[in-house]
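Protein sequence lines correspond, in order, to chains A and B.
For the first sequence, position 17 (counting from the first letter as 1) is numbered 17 according to this note's numbering, and the numbering increases by one without interruption.
For the second sequence, position 631 (counting from the first letter as 1) is numbered 631 according to this note's numbering, and the numbering increases by one without interruption.
You may find that some hints are simply not true.
For lysine-lysine, the following DSS-like pairs were computed, each having C-alpha atoms within a straight-line distance of at most 30 Å [claimed, not checked]:
1. LYS894/B with LYS775/B
2. LYS564/B with LYS775/B
3. LYS88/A with LYS848/B
4. LYS551/B with LYS88/A
5. LYS27/A with LYS40/A
6. LYS564/B with LYS551/B
Think of the hints as simulated: they come from the structure by calculation, not from any bench.
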Amino acid sequence: MVMEIIIAAFLVIGGVFGLVGNYGLIKLDHPMARLHAPTKATTLGVGGVLIASMIYSFAFEAEGSLHELLITLFLFITAPITANFISKAYLHRHAHEETLPEPNGDTNWAVLERPEWSPEPEKTQEG
Amino acid sequence: MSLFLIAALPFIGALLPGLMIQAGRNTCSTWTGIISLSALIGLLVHAPAVLRGEVITASVEWMPALGLNASFYLDGLGLLFGTLILGIGCLIILYARFYLSSKDPMGNFYTYLLLFQGAMVGIVLSDNILMLLVFWELTSLSSFLLIGYWKHLPEGRQGARMALTVTGMGGLGLIGGMLLLGHIAGTYELTELLEKRDLIQADPLYVPALLLILLGAFTKSAQFPFHFWLPRAMAAPTPVSAYLHSATMVKAGLFLMARLYPVMSGTTEWFWIVTLAGLITMVLGALIGIFQNDLKGLLAYSTVSHLGLITMLLGFSTEAAAIGAVFHIINHASFKASLFMTAGIVDHEAHTRDITRLGGLRHLMPITFVITAVASLSMAGIPPFNGFLSKEMMLEAAAHAQLGDNAWLIPALATLGALFSVAYSFRLLLHTWFGAERHDYPHHPHDPPFGMWLSPALLAVLVVLIGLFSQGLVGGIVQTTAASVLGNHAHPHVHLALWHGVTPALYMSGVAVLGGLVLLALYRPAHGLWHAVPRPDAKVIFDAIIDAATKLANWITDTLHDGKLTRYAAIFFLFTVLASWHAFSGGAGVTLPREPMQADIIPIIAWFALIAATGVTVYYHRHRLLALVVLGIIGVVVSLSFNYLSAPDLALTQLSVEVVTIVLLLLALNFLPEFTPKDSGNGRHVRDILIAVFVGGAVAALSYVIMLTDFAMPSIAEYHLAQSHDLAGGNNVVNVILVDFRGFDTFGEITVLGIAALIIYGVTEGLLGSKVRQKLLERKPNHPIAGDEHPMMMVVATRLLLPIALMVGVYIYLRGHNDPGGGFVAGLIVAIALLMQYMASGYDWADKRQRFPYHASIACGVMAAGITGIGAFFNNMPFLTSDFGYFQFPPLQKFELATAMGFDLGVFLAVVGAVMLTLESLSRLAYRRGDVPDEYPMDINPSRQPKNEDH
Numbered sequence: 001m002v003m004e005i006i007i008a009a010f011l012v013i014g015g016v017f018g019l020v021g022n023y024g025l026i027k028l029d030h031p032m033a034r035l036h037a038p039t040k041a042t043t044l045g046v047g048g049v050l051i052a053s054m055i056y057s058f059a060f061e062a063e064g065s066l067h068e069l070l071i072t073l074f075l076f077i078t079a080p081i082t083a084n085f086i087s088k089a090y091l092h093r094h095a096h097e098e099t100l101p102e103p104n105g106d107t108n109w110a111v112l113e114r115p116e117w118s119p120e121p122e123k124t125q126e127g
Numbered sequence: 001m002s003l004f005l006i007a008a009l010p011f012i013g014a015l016l017p018g019l020m021i022q023a024g025r026n027t028c029s030t031w032t033g034i035i036s037l038s039a040l041i042g043l044l045v046h047a048p049a050v051l052r053g054e055v056i057t058a059s060v061e062w063m064p065a066l067g068l069n070a071s072f073y074l075d076g077l078g079l080l081f082g083t084l085i086l087g088i089g090c091l092i093i094l095y096a097r098f099y100l101s102s103k104d105p106m107g108n109f110y111t112y113l114l115l116f117q118g119a120m121v122g123i124v125l126s127d128n129i130l131m132l133l134v135f136w137e138l139t140s141l142s143s144f145l146l147i148g149y150w151k152h153l154p155e156g157r158q159g160a161r162m163a164l165t166v167t168g169m170g171g172l173g174l175i176g177g178m179l180l181l182g183h184i185a186g187t188y189e190l191t192e193l194l195e196k197r198d199l200i201q202a203d204p205l206y207v208p209a210l211l212l213i214l215l216g217a218f219t220k221s222a223q224f225p226f227h228f229w230l231p232r233a234m235a236a237p238t239p240v241s242a243y244l245h246s247a248t249m250v251k252a253g254l255f256l257m258a259r260l261y262p263v264m265s266g267t268t269e270w271f272w273i274v275t276l277a278g279l280i281t282m283v284l285g286a287l288i289g290i291f292q293n294d295l296k297g298l299l300a301y302s303t304v305s306h307l308g309l310i311t312m313l314l315g316f317s318t319e320a321a322a323i324g325a326v327f328h329i330i331n332h333a334s335f336k337a338s339l340f341m342t343a344g345i346v347d348h349e350a351h352t353r354d355i356t357r358l359g360g361l362r363h364l365m366p367i368t369f370v371i372t373a374v375a376s377l378s379m380a381g382i383p384p385f386n387g388f389l390s391k392e393m394m395l396e397a398a399a400h401a402q403l404g405d406n407a408w409l410i411p412a413l414a415t416l417g418a419l420f421s422v423a424y425s426f427r428l429l430l431h432t433w434f435g436a437e438r439h440d441y442p443h444h445p446h447d448p449p450f451g452m453w454l455s456p457a458l459l460a461v462l463v464v465l466i467g468l469f470s471q472g473l474v475g476g477i478v479q480t481t482a483a484s485v486l487g488n489h490a491h492p493h494v495h496l497a498l499w500h501g502v503t504p505a506l507y508m509s510g511v512a513v514l515g516g517l518v519l520l521a522l523y524r525p526a527h528g529l530w531h532a533v534p535r536p537d538a539k540v541i542f543d544a545i546i547d548a549a550t551k552l553a554n555w556i557t558d559t560l561h562d563g564k565l566t567r568y569a570a571i572f573f574l575f576t577v578l579a580s581w582h583a584f585s586g587g588a589g590v591t592l593p594r595e596p597m598q599a600d601i602i603p604i605i606a607w608f609a610l611i612a613a614t615g616v617t618v619y620y621h622r623h624r625l626l627a628l629v630v631l632g633i634i635g636v637v638v639s640l641s642f643n644y645l646s647a648p649d650l651a652l653t654q655l656s657v658e659v660v661t662i663v664l665l666l667l668a669l670n671f672l673p674e675f676t677p678k679d680s681g682n683g684r685h686v687r688d689i690l691i692a693v694f695v696g697g698a699v700a701a702l703s704y705v706i707m708l709t710d711f712a713m714p715s716i717a718e719y720h721l722a723q724s725h726d727l728a729g730g731n732n733v734v735n736v737i738l739v740d741f742r743g744f745d746t747f748g749e750i751t752v753l754g755i756a757a758l759i760i761y762g763v764t765e766g767l768l769g770s771k772v773r774q775k776l777l778e779r780k781p782n783h784p785i786a787g788d789e790h791p792m793m794m795v796v797a798t799r800l801l802l803p804i805a806l807m808v809g810v811y812i813y814l815r816g817h818n819d820p821g822g823g824f825v826a827g828l829i830v831a832i833a834l835l836m837q838y839m840a841s842g843y844d845w846a847d848k849r850q851r852f853p854y855h856a857s858i859a860c861g862v863m864a865a866g867i868t869g870i871g872a873f874f875n876n877m878p879f880l881t882s883d884f885g886y887f888q889f890p891p892l893q894k895f896e897l898a899t900a901m902g903f904d905l906g907v908f909l910a911v912v913g914a915v916m917l918t919l920e921s922l923s924r925l926a927y928r929r930g931d932v933p934d935e936y937p938m939d940i941n942p943s944r945q946p947k948n949e950d951h
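Go ahead and model the full structure; you've got the sequences and the hints to work with.
This is the structure in structure tokens:
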């Protein structure tokens, strides 16, 4: 009974965060701000469900399961990279150098570093 | 000698001339001659038995289910033709040795000649009519090579093409006719088929079969209206003309008619078609022949005429006529081959074949003159030469033939044909060899070396001997051959003699000789008249027909395949749906015995997602990148539904394929504009929408019906499910089907996959040096290029994931036999793992660190699968039979090893290689001018020194 309550609590937590994340995705109007919302859904939302699943397997099934940890690991690896790429793409396509803050220690933002395309074979390797 | 060996010897021997030519022209021709001669001797060994009336057979079952057996038989007809083909072949080989100049590639010539010889021997010895068809087509092909032997002459090429077109068309008809015949008779073996005369002639398909078979025979034997190709084929070297166009190939049509005579002849249709075609050909060919100035042209039309004569005799369908036909085949071959060879000698010596430029050669070339005189007198039908005897028999048969109620037309026309024949024979003799010696020959002629005139001389001797001692020399073979032509166990009475007493034929012959000489005396006015009368030119008509056919073919192709993918798709789908509708409406109607399953909420959500994604793709299809992203949703939903419907293997595969496909399409999008331009009007849109909805609806309806219907036959799935563990030691039925039950299919598929990847590699490799490459290099990106192409986070993550992904690949591979997985999915997973490195760190950086070429991976995969399959031989099992066993090595638990793992390893390697090679090939094209090879794994060095540390 206690276990069931705990599992239900985690499921509800996960569900609430999933709902909040998706609501935020609709509610927030700036792309960079929007990046925040789904992170709730992928970390806390999915995480809650995974924890519930693990507890369920230990409490009610013959063998416990730790597969969910792997799912968490992969989420932790992929979610930041996805967010990183989305923000890079946004910066590249919509941001102007003047409106951006000074890059920390470098001459320019990395995505804006590249010169305009030119047909001449010229390029310097940065870094 | 076995009949197999006789038929195979020329084909095997065809390899020799190409090798022997290295040792010189004499060695080359000697070896070719030895091949022919041994086949001839092998054939003649059977002669005594055949002449006693026996039939020699040899048979091996080849594809019994199709009725195709490698069976040969030798009866009188086969012996006669075989002897002609091989015997005259030997003489031609000798003659060609001296005829071909040192510039001509002799090895090629003898190879083609032996190929042709083998095909001809195959025709006359075949017992199975399907095999006969194969040899028939081979003669068309090899004669094409021989006619076009002088590739530098346009007439040679055109003549070869025309001959191939006409005889090839006839061959097509013959295939149809023979299949009909075999269908009627219920057998494809001639020996059985020839016994079924009444059955065949009573069948309603008899007439179509007859027409088609005669089309084949008439085109091959140059019967009117297909006679025109033979004179054009005279552009061939003379040995070819002498061999193909007098003695052998053109007689293949006659052979066919004679072969099928027992079952086809005797009907009204046979009589009218064959007799009339033969009669017209005989008269027309002889008439045109008179006015030919080219020696070989004259002989060609004379051949046409004589072939017509034999055809007409076969058409009469009487015993005497058949005997005459057989006898004339021998006689015509002897005197015509000899005449062709002497014409070749004249051409060789005087450097012209134009009769108007020749004359008076008899003193300059006395030996050749004697040979020509004997042969041409025989051709004219002058006693005591052999041509006289068979012509008498022809006239005798014609005298008794009635065309409907008309009793005089055939005898009169036959006499007219004989008259023309006398005229052109004497024109050949008198205008070329008699008259005053001239001084304006292009080259001063004299008799050729011994080897060159030996062959025609031997034939001329035969002409005389057969004429004088016909009964003794050839009576037996004519008797046996006529018996096999007439069939039905006939015992024809053959009596060959010079003098038959005063008969109608003798009068007709006399009229013909006198009339012919008178016509020749009046040659000048006749020649003027001939040229004053307009005639259709066969070549012009032929070219017009070919042009029209080409135009039609082009029109059809251009209409159906105009390069627009939409049109291909529309035609393909509409045709498929209409054909399916046709099949469906002829069926038993629809009953739906199964109950539909209850729909859960989750599939319905997935279904909505699928529909919505499809709609979005259609709506946004001009925005290519967006459409591609939405396509990804469709792929995921499809994978999930596989999983939901208990097909985890398919789901795994679909998911991996989806990833690779999206990457591939992204690479392709790199070369395309961002937006698809709108290039069709509203009307076309409406049409396309209608087609799409119609076809989609049809497919949906079909799926619905199939899913609610029981199988028409018991499904093999039950067997697979039941036997998978017992027979193959695997619990994963899908994998067991792939690597074991249908392993041969999979073997073919990985081979095809590998070939496809290699072709993509080849095509892109070809593009690298082309103008297309230049265009790609200069292309302007749609947006300014972003910096930091290879961000650190991505690079580090993919490096971390690489070993994990590889381990997953190995795991999926190993568990494949019993659980979802297997070599195919594992290959895709490993390919994706490698692909991530390319994407993260750039093509150059990753490629430099990739030491094992993907081509080799494909090759290793196919070989691993093949070797595993071959391994079954050592187990005394057929190819790809797998074996398995359970092993235990302490401290490990008991585990299973199956040979299918080796096969699956092959699948794995081939998939990895094919996927990576394809993507690599496309990536190579993606360079733009200005791109610098990626030297470092990341664009921004994380250990760099920031410029201002003040933050």
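Hint by hint, here is what the structure shows:
no., hint, verdict
1, LYS894/B with LYS775/B, "violated, 61 Å"
2, LYS564/B with LYS775/B, "holds, 23 Å"
3, LYS88/A with LYS848/B, "holds, 28 Å"
4, LYS551/B with LYS88/A, "violated, 58 Å"
5, LYS27/A with LYS40/A, "holds, 14 Å"
6, LYS564/B with LYS551/B, "holds, 21 Å"
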